[in-house]
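Enquirer: Residue numbers (my numbering), protein chains in the order written: chain A, 21 to 524; chain B, 21 to 524.
Since the list can't tell identical chains apart, any single copy or any two copies may satisfy a pair.
Within a straight-line C-alpha distance of at most 20 Å, the following computed DMTMM-like cross-link-like pairs (lysine to aspartate or glutamate) qualify: (1) Lys-138 x Asp-120; (2) Lys-488 x Glu-462; (3) Lys-488 x Glu-454; (4) Lys-423 x Glu-240; (5) Lys-295 x Asp-246; (6) Lys-207 x Glu-53; (7) Lys-171 x Glu-324; (8) Lys-369 x Glu-78; (9) Lys-106 x Glu-125.
FYI, nobody ran anything at the bench for these hints, they're computed from the structure.
Number of protein chains: 2
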Amino acid sequence: MRFTRGAINSTKKLLGFTTTSRNMASNKILNVENINPNVITMQYAVRGPIVIRAVQLEHELAEGAKKPFKSVIKANIGDAHAMGQKPITFIRQVLTCVTDPSLMEKGDFPSDVVERAKTILGGCGGQSVGAYSQSTGVDVIRQHVADYIEKRDGGVKSNFDNICLSGGASESIRNVLKLFINHSSPKPIGVMIPIPQYPLYSATLAEYGLGQIGYFLNEESNWSLDEKELERSLSESLKTYDTRVLCVINPGNPTGQVLSRKNIETIIKFAHKHKLFLLADEVYQDNVYAQGSEFHSFKKVVSELGDPYNKLELASFHSVSKGYMGECGLRGGYVEFLNLDPEVYVLYKKMCSAKLCSTVLGQAVIDAVVNPPKPGEPSYEQWKKERDSVLASLKERATLVEKAYGSIEGISCNPVQGAMYAFPQIHLPARAVEKARSLNQEPDFFYAMQLLEATGVCIVPGSGFGQKDGTYHFRTTILPQSDLFKDMLDRFRSFHTKFMEEYK
Amino acid sequence: MRFTRGAINSTKKLLGFTTTSRNMASNKILNVENINPNVITMQYAVRGPIVIRAVQLEHELAEGAKKPFKSVIKANIGDAHAMGQKPITFIRQVLTCVTDPSLMEKGDFPSDVVERAKTILGGCGGQSVGAYSQSTGVDVIRQHVADYIEKRDGGVKSNFDNICLSGGASESIRNVLKLFINHSSPKPIGVMIPIPQYPLYSATLAEYGLGQIGYFLNEESNWSLDEKELERSLSESLKTYDTRVLCVINPGNPTGQVLSRKNIETIIKFAHKHKLFLLADEVYQDNVYAQGSEFHSFKKVVSELGDPYNKLELASFHSVSKGYMGECGLRGGYVEFLNLDPEVYVLYKKMCSAKLCSTVLGQAVIDAVVNPPKPGEPSYEQWKKERDSVLASLKERATLVEKAYGSIEGISCNPVQGAMYAFPQIHLPARAVEKARSLNQEPDFFYAMQLLEATGVCIVPGSGFGQKDGTYHFRTTILPQSDLFKDMLDRFRSFHTKFMEEYK
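Generate coordinates for the entire structure from the input sequences, incorporating the hints supplied.
Expert: Now the structure itself:
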């Protein structure tokens, strides 16, 4: 999908630009005719035109504009704190102590908090979070990550040297994909991603000039991943691409499914068979709600499958932005490599070093997440209560959201087994589709924009994630707290009924 | 300069890898034969092999290894806190309050700190630094940045909408350079950078496949910038490149010069004449020490020169990592655009949105830096005392470093007018140069590595920054505190004398 001049102009209009004359723009040294063409192509719907318009509506409301609604409800992005979730006390206390170590002397903080903070500071240059860390991150935090992974995976060995900390998982994912760019390759390099996918992938592939190869998740069987579809997708891709990477998101974003262990084995065997480098986006590993669903890390399954599958080259990603902590703004994440060529790893680290280091406070959050209070430690009870309460509430909302949308005529919604999203299908009437096409808009974009303008509810159209031709979806988070969710649902229902009536 | 297999192997050796067989590596799906070739080419000397070896030596010492020195002294990187500089109390207090807002209720913090913290939180989703910000940063902080720039530039207007916050200035610089990538351009796109330069530039250009065009700073007149040299460099470049960007670093890194206002005017007129987009790296704007030297922002001079120069497209960068605060690890920086094509800006913001946002705590540091306590506010006296003390101490060390190195036989050193570095020239004996070449090393790399192994002093060879053929330099920071600096200088002198004797 190209970012057309029409799209640029409509985005400009949304942003309040008045310049429309081509002549003015082309007088500039850097203009839309000579800018990096990949920057034009790339799209990131989670913060796209609908969200830009939502922010603008918020400003208009704040300035007293009259709208058919009193507030904007942002269900577009997995941003728990923005939707009212409270931070975990232990995490913020550790952060506070490393930020102002003098506070630790006053005896106001639990001993486990102080111990964590002192350990982190001991790994920092000059005992200050204001010093650069190594580009791979503070060693003692990397070690804690390795310990955490080992425990999570029932003892499968993790070496801290294979772990690189980063400003959120996104940065690591982008860094790893960057290794595959090769403009002088005889065939363009291809990367397989699920459809629907999280648009970080499509945006990054477009920016890097890598080929996007979609494999469809099966909506009919709750967004499961089918081996035949993987084979079809790969084999078609090879006509055009040198396909070298397979990306999997588990639990799924935007689709909310949790892959079964059997499914994961299938994927690993497929990647091994076709010599694909596997990227496992596992940032929702703590967000599993459905009865019978369980998170299995790709690393663990790779290891348990044994030879030859345990030679698979794998990069797996985790983040502090999701889970029960939702510390999106603090930017902490990491990648763990398995079986990476040691020469490649040297080059990877060199590449990262030119970006100096990720935020050391973000690294400190990672530490507090992977090394939480243990039973018996003073912060344990409160930490456990807060964590369990967030996870229970998310679980409740996962069911609520599925049921609520599933009960609306013209909408079907798979169970939200995990992650933070539902991805309901809207069965749009043909006249609505025609109307959208006449406006040069994707039908679900048209629907979402109408919804926003009429109700203030901000969701992301399915076309931003990819979907089967002729189907239309939207992604909504499960994050609005109960009262807000009720309000959102009322607005949604009322809009939807009118919309379906109008275009039936 | 290619990152050769020899270089890869020696780096691998430094990192303790034992795999040397090509066959093993080439069995990997991703290996050095098919990795992104730009990742092989790029170099970042500030964290290159010498620094990797320094870290390794630290580990060896910690494990009780016997060395001719008891500690490693890292003068390789502008990392003030790592060298013992203490954080500014006001900054850390603001950070503490936004991290744990409950502490504000206890009345332990000055009212100006609390006011700043509440204002920042008011701009955050859900009043939490754990929420994502807009990709451009928290609006109220952007507004404070604009106010700061306006004040700095004597009233020249600054619009907050032209400011984007980022994780350090490096991220903004890389984002802006990314706009110029164009692999389908008939001639490769070229970017002019000073030689010597800060290797973020050479590394980023190599990574992006942009052409590096060096213009030499004049060592004989204290690293000043000569118009004739700009003209020579540009005109030669045009044979090969479509040269579209001019980068200037002021105050200079690694060279420590502060450009005169006249020099800045010359550069602006040159950029205007040749339709070059100007990148002004001004992260050392608070670090000016020399009598008679003063910082002039490019934006101010552009504005004061009036028509037609005030139409120049300019991106200028600042950071919280340098100055008096030295908060490198917290990752805060920004870019201010001037005269950017509005269509390009829409695309720039879209591009940044796929990276979500920079660390909100890093943004909070920016706020504390651009909106410091005002006279009369409770934190003012302490803040001023701390700031003045750091700047006075840096000024003292700037003189000390210049004099110390300048007084050593076989070394000449320009005055350190600003920034945090000296870039002395070493007049290496011909036999030392021969010896280095026989080892397939740059002569100043050879010198620096010998220095490190003999004394534990870690500096960066001039070849990592670029220099005129046949000249050899090194970059050292002025950051070691007095006792450490004395120690470092003793070690240096003793090594240098022996080295010069050995190779004379």
